[in-house]
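Peer 1: Sequence:
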Amino acid sequence: MTSASGPAAAWRPGTQGGDLLPSGPAGRPSAPSGDGHGPETGPPTVTIGSYPDYPAAQRVVDYLADNRFPVEHSAIVGTNLTLVETVLGRMTTGRAALLGAGTGAWFGLFIGLLFGIFTVGNWLAVILVGLVIGAIWGAVFGAVAHAMTGGQRDFTSASSLRAGQYAVIVDAQLADQARQLLGRMQMSGSATSAG
1 MTSASGPAAA WRPGTQGGDL LPSGPAGRPS APSGDGHGPE TGPPTVTIGS YPDYPAAQRV
61 VDYLADNRFP VEHSAIVGTN LTLVETVLGR MTTGRAALLG AGTGAWFGLF IGLLFGIFTV
121 GNWLAVILVG LVIGAIWGAV FGAVAHAMTG GQRDFTSASS LRAGQYAVIV DAQLADQARQ
181 LLGRMQMSGS ATSAG
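Under this note's numbering, think of the first position of the sequence shown as 1, with each following residue one higher.
Worth double-checking, as some hints may not be accurate.
Unchecked claim - What follows is a list of derived Cβ distance ranges for each label pair:
hint, residue 1, residue 2, range
1, P43, R68, 19 to 29 Å
2, I136, T92, 13 to 23 Å
3, Q173, Y51, 15 to 25 Å
4, E85, W106, 24 to 34 Å
5, G121, E72, 50 to 60 Å
6, E85, L124, 37 to 47 Å
7, G164, R90, 26 to 36 Å
Hint data in this document are derived by calculation from the structure and do not stem from the laboratory.
No residue lacks a Cβ here, since even glycine has one placed at the ideal position from N, Cα and C.
Throw the hints in and build the complete structure from the sequences for me.
Peer 2: Structure representation (C-alpha coordinates):
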(Lines of atoms letter the chains of each structure in order from A and count residues from 1; the text may use other names and numbers.)
(Lines give C-alpha, C1' and ligand atoms only; values in the text may rest on other atoms or scores of the structure.)
Protein backbone atom coordinates (compact mmCIF):
# COMPACT_ATOMS: atom_id res chain seq x y z
CA MET A 1 0.00 0.00 0.00
CA THR A 2 1.43 3.33 -1.02
CA SER A 3 0.79 6.52 0.86
CA ALA A 4 0.47 9.89 -0.75
CA SER A 5 3.11 12.42 0.01
CA GLY A 6 3.32 16.14 -0.53
CA PRO A 7 1.19 19.09 0.56
CA ALA A 8 -2.11 17.57 -0.62
CA ALA A 9 -1.58 14.43 1.46
CA ALA A 10 -2.72 16.20 4.65
CA TRP A 11 -6.13 17.00 3.25
CA ARG A 12 -8.50 14.07 2.87
CA PRO A 13 -12.22 14.59 3.34
CA GLY A 14 -13.78 12.02 5.67
CA THR A 15 -10.54 11.15 7.47
CA GLN A 16 -9.25 12.33 10.79
CA GLY A 17 -8.03 15.87 10.26
CA GLY A 18 -9.68 15.80 6.83
CA ASP A 19 -11.90 18.75 7.63
CA LEU A 20 -8.89 21.05 7.43
CA LEU A 21 -8.40 22.93 4.20
CA PRO A 22 -5.18 22.50 2.28
CA SER A 23 -2.73 25.35 2.60
CA GLY A 24 -2.92 27.97 -0.11
CA PRO A 25 -0.52 30.64 -1.32
CA ALA A 26 -0.90 32.57 1.94
CA GLY A 27 -0.24 29.53 4.14
CA ARG A 28 -2.54 27.60 6.44
CA PRO A 29 -5.93 29.19 7.09
CA SER A 30 -6.58 30.05 10.73
CA ALA A 31 -9.65 30.92 12.72
CA PRO A 32 -10.33 34.66 13.02
CA SER A 33 -9.30 36.29 16.27
CA GLY A 34 -11.67 38.16 18.53
CA ASP A 35 -15.25 37.31 19.39
CA GLY A 36 -16.33 36.61 15.81
CA HIS A 37 -18.54 39.69 15.55
CA GLY A 38 -16.44 41.62 13.05
CA PRO A 39 -13.25 43.62 13.18
CA GLU A 40 -12.01 45.30 16.31
CA THR A 41 -13.38 48.84 16.49
CA GLY A 42 -10.77 50.30 18.81
CA PRO A 43 -11.05 51.61 22.35
CA PRO A 44 -14.47 52.39 23.85
CA THR A 45 -15.72 55.92 23.19
CA VAL A 46 -17.95 58.39 25.02
CA THR A 47 -20.14 61.12 23.54
CA ILE A 48 -19.23 64.48 25.09
CA GLY A 49 -21.74 66.57 23.18
CA SER A 50 -24.37 66.57 20.41
CA TYR A 51 -24.90 69.51 18.05
CA PRO A 52 -27.51 70.40 15.45
CA ASP A 53 -25.00 71.32 12.73
CA TYR A 54 -21.48 70.43 11.65
CA PRO A 55 -19.88 73.87 12.26
CA ALA A 56 -20.88 73.70 15.96
CA ALA A 57 -19.28 70.25 16.36
CA GLN A 58 -16.23 71.46 14.44
CA ARG A 59 -15.86 74.45 16.80
CA VAL A 60 -15.80 72.06 19.78
CA VAL A 61 -13.05 69.90 18.28
CA ASP A 62 -11.13 73.03 17.27
CA TYR A 63 -11.39 74.35 20.85
CA LEU A 64 -10.11 71.02 22.19
CA ALA A 65 -7.17 71.17 19.76
CA ASP A 66 -6.38 74.77 20.77
CA ASN A 67 -6.21 73.62 24.40
CA ARG A 68 -3.70 70.82 23.73
CA PHE A 69 -6.25 67.98 23.89
CA PRO A 70 -5.11 64.93 21.85
CA VAL A 71 -7.78 65.34 19.15
CA GLU A 72 -6.54 62.24 17.32
CA HIS A 73 -8.61 60.40 19.95
CA SER A 74 -11.84 62.16 18.95
CA ALA A 75 -14.33 61.99 16.09
CA ILE A 76 -17.37 63.82 14.76
CA VAL A 77 -20.17 61.37 14.02
CA GLY A 78 -23.19 62.38 11.93
CA THR A 79 -26.44 60.54 12.71
CA ASN A 80 -29.91 60.48 11.15
CA LEU A 81 -28.46 60.72 7.65
CA THR A 82 -30.63 62.03 4.84
CA LEU A 83 -29.87 61.90 1.13
CA VAL A 84 -30.66 65.24 -0.51
CA GLU A 85 -30.73 65.51 -4.29
CA THR A 86 -30.73 69.15 -5.37
CA VAL A 87 -32.15 69.67 -8.86
CA LEU A 88 -29.88 72.04 -10.78
CA GLY A 89 -31.90 72.47 -13.96
CA ARG A 90 -33.68 70.94 -16.91
CA MET A 91 -31.69 68.67 -19.22
CA THR A 92 -32.38 69.05 -22.92
CA THR A 93 -30.60 67.43 -25.84
CA GLY A 94 -28.90 70.74 -26.58
CA ARG A 95 -27.66 71.10 -23.02
CA ALA A 96 -26.47 67.48 -23.01
CA ALA A 97 -24.57 68.19 -26.23
CA LEU A 98 -23.05 71.33 -24.69
CA LEU A 99 -21.93 69.49 -21.56
CA GLY A 100 -20.55 66.68 -23.72
CA ALA A 101 -18.68 69.22 -25.84
CA GLY A 102 -17.04 70.64 -22.73
CA THR A 103 -15.94 67.22 -21.51
CA GLY A 104 -14.77 66.24 -24.98
CA ALA A 105 -12.83 69.48 -25.36
CA TRP A 106 -10.86 68.72 -22.18
CA PHE A 107 -10.07 65.22 -23.43
CA GLY A 108 -9.17 66.58 -26.88
CA LEU A 109 -6.91 69.18 -25.30
CA PHE A 110 -5.12 66.44 -23.39
CA ILE A 111 -4.64 64.34 -26.52
CA GLY A 112 -3.58 67.44 -28.48
CA LEU A 113 -0.97 68.31 -25.85
CA LEU A 114 0.28 64.74 -25.88
CA PHE A 115 0.71 64.75 -29.67
CA GLY A 116 1.94 68.35 -29.64
CA ILE A 117 4.94 67.38 -27.53
CA PHE A 118 6.21 65.09 -30.28
CA THR A 119 5.35 67.36 -33.22
CA VAL A 120 8.22 69.00 -35.07
CA GLY A 121 6.06 71.49 -36.99
CA ASN A 122 3.27 73.71 -35.74
CA TRP A 123 2.44 72.18 -32.34
CA LEU A 124 -0.20 74.84 -31.57
CA ALA A 125 -2.25 73.68 -34.57
CA VAL A 126 -2.09 70.08 -33.31
CA ILE A 127 -3.39 71.16 -29.92
CA LEU A 128 -6.25 73.20 -31.43
CA VAL A 129 -7.25 70.37 -33.78
CA GLY A 130 -7.33 67.96 -30.82
CA LEU A 131 -9.47 70.41 -28.87
CA VAL A 132 -11.96 70.93 -31.71
CA ILE A 133 -12.25 67.23 -32.60
CA GLY A 134 -12.72 66.37 -28.91
CA ALA A 135 -15.46 68.98 -28.54
CA ILE A 136 -17.30 67.74 -31.63
CA TRP A 137 -17.18 64.08 -30.60
CA GLY A 138 -18.13 64.97 -27.02
CA ALA A 139 -21.17 66.92 -28.27
CA VAL A 140 -22.25 64.01 -30.46
CA PHE A 141 -21.87 61.46 -27.67
CA GLY A 142 -23.61 63.74 -25.14
CA ALA A 143 -26.61 64.30 -27.44
CA VAL A 144 -26.87 60.62 -28.37
CA ALA A 145 -26.59 59.49 -24.74
CA HIS A 146 -29.37 61.89 -23.71
CA ALA A 147 -31.58 60.88 -26.63
CA MET A 148 -31.18 57.21 -25.72
CA THR A 149 -32.68 57.81 -22.25
CA GLY A 150 -36.05 58.26 -23.92
CA GLY A 151 -37.12 61.25 -21.84
CA GLN A 152 -36.30 59.62 -18.51
CA ARG A 153 -34.50 61.87 -16.03
CA ASP A 154 -34.67 65.14 -17.98
CA PHE A 155 -32.89 67.10 -15.27
CA THR A 156 -29.44 67.51 -13.76
CA SER A 157 -28.86 67.22 -10.05
CA ALA A 158 -26.26 66.99 -7.30
CA SER A 159 -26.60 64.57 -4.38
CA SER A 160 -25.35 65.11 -0.86
CA LEU A 161 -25.69 63.45 2.54
CA ARG A 162 -26.88 65.54 5.47
CA ALA A 163 -26.95 64.52 9.10
CA GLY A 164 -29.70 65.49 11.52
CA GLN A 165 -27.30 65.65 14.45
CA TYR A 166 -23.52 65.64 14.98
CA ALA A 167 -21.98 64.00 18.04
CA VAL A 168 -18.44 64.63 19.25
CA ILE A 169 -16.99 61.44 20.70
CA VAL A 170 -13.67 60.82 22.47
CA ASP A 171 -11.90 57.77 23.83
CA ALA A 172 -13.36 56.80 27.21
CA GLN A 173 -10.09 57.32 29.14
CA LEU A 174 -9.96 60.97 27.91
CA ALA A 175 -13.65 61.79 28.43
CA ASP A 176 -13.18 63.59 31.78
CA GLN A 177 -10.44 65.82 30.37
CA ALA A 178 -12.58 66.66 27.32
CA ARG A 179 -15.62 67.45 29.50
CA GLN A 180 -13.57 69.81 31.68
CA LEU A 181 -12.33 71.68 28.60
CA LEU A 182 -15.85 71.76 27.18
CA GLY A 183 -17.11 73.25 30.47
CA ARG A 184 -14.49 76.01 30.23
CA MET A 185 -15.53 76.68 26.64
CA GLN A 186 -19.17 77.11 27.64
CA MET A 187 -18.25 79.37 30.59
CA SER A 188 -16.04 81.59 28.41
CA GLY A 189 -18.78 81.72 25.75
CA SER A 190 -21.40 82.86 28.29
CA ALA A 191 -18.97 85.44 29.77
CA THR A 192 -18.35 87.06 26.39
CA SER A 193 -22.05 87.12 25.54
CA ALA A 194 -22.87 88.77 28.90
CA GLY A 195 -20.12 91.45 28.52
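Peer 1: Each hint: holds or not?
Peer 2: Hints and how they fare:
1. Distance hint for P43 and R68: a CB-CB separation of about 20 Å, consistent with the stated range 19 to 29 Å.
2. Between I136 and T92 the C-beta distance comes to about 19 Å, which sits within the given range of 13 to 23 Å.
3. For Q173 paired with Y51, a C-beta distance near 23 Å keeps the hint of 15 to 25 Å intact.
4. Judged by the Cβ atoms, the range 24 to 34 Å given for E85 and W106 holds: they are separated by roughly 26 Å.
5. Judged by the Cβ atoms, the range 50 to 60 Å given for G121 and E72 holds: they are separated by roughly 57 Å.
6. Range check, E85 to L124: about 43 Å between beta-carbon atoms, so the 37 to 47 Å window is met.
7. For the pair G164 and R90, the supplied restraint of 26 to 36 Å holds, since their beta-carbon distance comes to about 31 Å.
In this structure, none of the earlier numbered hints is contradicted; all agree with it.
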